[in-house]
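J.: In case you want the letters, here they are:
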Amino acid sequence: MASVSEMYDVGWEEMRDKLRKWREDNFRNSEQIVDVGEELICEHASKLGDDVWIIYEQVMIAALDCRRDDLALTCLQELRKQFPDSHRVKRLTGMRLEALERYEEANKHYDAILQEDPTNTAARKRKISILKAQGKSAEAIRELNEYLEHLCHYCCWKCQFILALFLETLCANILLYNFHSYGKAAFCLEELMMTNPHNHLYCEQYAEVKYTQGGLENLELSRKYFAQALRLNNRNMRALFGLYMSASHIAASPKVSAKVKKDNVKYAAWAASQINRAYKLAGRGTKENKCSVKAVEEMLESMQITMS
Amino acid sequence: MNISNETKASMASSFWKGVVGVGLFALAHAAFSAAQHRSYMRLTEKENETLPIDIVLQTLLAFVMTCYGIVHIAGEFKDMDASSELKNKTFDTLTNHPSFYLFNHRGRVLFRSPEEVLSERNQQALPNPLRLRKLEH
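For the protein sequence lines, the chains are E and Y, in the order given. Residue 292 in full-length UniProt numbering is what sits at position 292 of the first sequence, and the numbering runs on without skipping anything. Residue 5 in full-length UniProt numbering is what sits at position 5 of the second sequence, and the numbering runs on without skipping anything.
Chain Y on its own, in the form it takes in the complex (with noise of 0.2 Å):
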């Protein structure tokens, strides 16, 4: 079965954001039995007991699998040097001027189709046996 770049592509954007729907979640999770441990303490007077251990664990590990998570939707990195998106780019393509685009270019000449060349060449046949005999002499 052949699956094209497109849906695999999708396919893994869709496994990290689930990933960080997952990640947020432990993370509501985390904050909901810390409070509800918190108000546990309070009614048994016992407030100095700190946070049990496994609530920050999910905390620290549900934090880490987010940030993951996005570094992996947020898209393509760029490269820190600033030349080195120019490395691969050449002369053609940079010094190019889209507004400032001429199109008084040998392409008009160099595209004609052959109608218009045969066309052109009866208009000027005339002319031309004067010049050569010029030439001639």
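Same shape as in the complex, but just chain E (with noise of 0.2 Å):
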């Protein structure tokens, strides 16, 4: 098999940058990081000077993410030889017993951690995982409200994580129509979007819960939103669909004004335009295009909503 050097000629700087910006940027694309990790902390270790640890970190959970088990292993003795005391070290330990599904031994390895040292967050986050894991959703959002409590400040990730908690509750009880669950992941979203008011993907998941819960006042609200998160990023394909839909979904609703229902055919038939505007655009240059466009149109076509 090819080296990924030798595929795509790259030197080792290059993949050293990549592997930078995949880190810096969180991305979880674990294959590419296993070959490009791999080749690089096998015949470039000794260029790579003190990077090499944070290599060997991000190349290990890559590794248990593609169940490479004796690759997160070396990552993981290498990086023992060389900080024997670490936290850092120990909860990457209690990781690799997560993927494994020993949970019990990982939880111990993190009670140790905690027991050290009380204040350390990166274990305490590993434990409330291991809930999630482990599908007890409840108490790792209990979990998780004692920690937002401890901590004075909002850090947006958290709530982040509860809300996605919430969301997969939601799914898990979808039979008996939870939705006390919704009002908690809108509150949390509306937590994010009011320290992070630029972010258009908060006001695009607020948009998507409140359509989600129905009913004529969140319908509209959920268009706003939409319409909000497109004004801070018009690229947004999401909130483009969202916007169609919840436009689409209000004029179909029996209970609406007139000019209400003339307002919202007006708003859906803008974002269809775009819509369609969007994809021309990206299909420019290719032969497949009009057979695309017309599929576009077609589908927004099925996608209105008439009342049966």
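Hints listed in this document are in silico derivations from the structure and should not be mistaken for laboratory results. Don't take every hint at face value.
[As the list claims (entries may be wrong)] Distance condition first, Cα-Cα at most 20 Å in a straight line; then the derived PhoX-like pairs of lysine-lysine:
#1 Y:78 with E:21
#2 Y:78 with Y:89
#3 E:108 with E:136
#4 E:136 with E:184
#5 E:47 with E:21
#6 E:266 with E:255
#7 E:21 with Y:89
#8 E:224 with E:266
#9 E:21 with Y:87
#10 Y:89 with E:18
#11 E:224 with E:259
#12 E:294 with E:280
[Said to hold, decoys possible] Far from chain E by the CB rule (all over 12 Å, computed), these chain Y residues:
#13 26
#14 34
#15 37
#16 42
#17 65
#18 74
[Unchecked claim] Estimated spans, in silico, between C-beta atoms of each pair:
#19 Y:71 with E:20: 21 to 29 Å
#20 Y:9 with E:299: 44 to 52 Å
#21 Y:77 with E:46: 35 to 43 Å
#22 E:183 with Y:71: 48 to 56 Å
All C-beta atoms in this analysis are idealised placements derived from N, C-alpha and C, irrespective of residue type, glycine included.
Join the two chains into one complex using the hints; note that each chain is given alone, in its own frame.
T.: Rendered as structure tokens:
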């Protein structure tokens, strides 16, 4: 099998820079990381200097994703040799045990870290992740709330995780129609939007939660937030589709006045034309452009809400 | 002759560093000559005369050159619009939280090596025929 440097004609510096970019932007393309990282540490470890340790960590986590337990163990052993008493390495040991589904041992590891250092946030987060992996979403949510209370400041990603947990609890409880969870998810997203007003993704997720909750008020709110997400980032296709769906949904509802209906039909038409334009621009220069444009129009027509 | 991007970049940055150095030197030179001019004025008791125009020009030009050079060394500029950074980021990367990564996803099954698959299939070989017979009835 050809090596990465042969296939793409890159040198070790470019591979190292690519790994850094993936690390900084939180990419989870584990297969690629394993391919590039494995070659880098096997053949160019001496040239990397101190970067090699953080690359070991990155490759180890990616190897756990790709079930490369041998590679993960190698990286872990190298890190243990270099940093024998480090809590960060202990946390990696715990993560490896989690990947092997040995949750009790992993919990013991994290409890040991927390005994030595009660303020260690990383270990607490891993314990919450273990609860989530075991499916105990309610307990995980409770632990997260306690954790948030301990800290005096709101960090947006913890809120985001609470949101994710709520949405997944909802999927698990879908038969019971546990609508309370959507309200809590909306609350989390509102907090996130307050602290990050320029982030179009939070607006869009909030709009999606409101759309899912349903009901005329929530639909109008969702349409407004989809529009806000588009204002922040006019290339957000999900928000565009969301605007189309929510506007058509409101227009099709029997409880609205004629004026509101007309306005929403206008919004839906605008959204549809923008979607068509985006697909035309994306397909520019390809032979299948005409077919795909027609497919988009048919899809939009089929998505129209009709009252049965 | 092929020059890689890195050497080009380092050559460019050393040019701008040179510009900043020259500008600072010219600024120091102008300051020194202004001080000398002042002491000369004091000696010849002609304190009303203003600084000669060439010193003034040199000061201003050196200042502009230094500023321009520093701007080039200082690194990439960021957009003033706070949301523009996020425009190019996708859902996949922004919703990843590395400290909360879970490993019980289908990757653990999809990436199984062929030997593992065979051994697991052999282990499950016996119960299956019984189950199939139940379905037939």
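J.: Does the structure keep residue 78 of chain Y and residue 89 of chain Y at a Cα separation of 20 Å or less?
T.: Judged against 20 Å, a Cα distance of about 15 Å means the pair holds.
J.: At 12 Å, judged by beta carbons, does residue 34 of chain Y keep clear of chain E as stated?
T.: Non-interface label on residue 34 of chain Y holds, nearest chain E Cβ at 48 Å vs cutoff 12 Å.
J.: Is the nearest CB of chain E more than 12 Å from the CB of residue 65 of chain Y?
T.: 32 Å, holds
J.: For the pair we were handed, residue 21 of chain E and residue 87 of chain Y, check the Cα-Cα distance against 20 Å.
T.: 17 Å, holds
J.: Tell me if the straight-line CA distance from residue 108 of chain E to residue 136 of chain E falls inside 20 Å.
T.: It holds: about 18 Å lies between the C-alpha atoms, which stays within 20 Å.
J.: Can you confirm whether the C-alpha distance between residue 266 of chain E and residue 255 of chain E stays at or below 20 Å?
T.: Roughly 18 Å separates the two Cα atoms, so the pair holds.
J.: So is residue 74 of chain Y really clear of chain E, every C-beta pair being over 12 Å apart?
T.: Given that every Cβ of chain E is farther than 12 Å from that of residue 74 of chain Y, nearest at about 20 Å, it holds.
J.: Beyond 12 Å from chain E, beta-carbon-wise, is residue 42 of chain Y?
T.: 58 Å, holds
J.: Hey, residue 21 of chain E versus residue 89 of chain Y, does the alpha-carbon distance stay inside 20 Å?
T.: 13 Å, holds
J.: Has the given pair, residue 136 of chain E with residue 184 of chain E, been kept, meaning a C-alpha gap of at most 20 Å?
T.: 17 Å, holds
J.: For residue 37 of chain Y, which was marked as not at the interface, is the minimum beta-carbon distance to chain E over 12 Å?
T.: Residue 37 of chain Y is indeed farther than 12 Å from all Cβ atoms of chain E, at 52 Å.
J.: Should the hint that residue 9 of chain Y and residue 299 of chain E are 44 to 52 Å apart at their CB atoms be regarded as holding?
T.: 47 Å, holds
Comparing the model with each numbered hint stated earlier shows that all of them hold.
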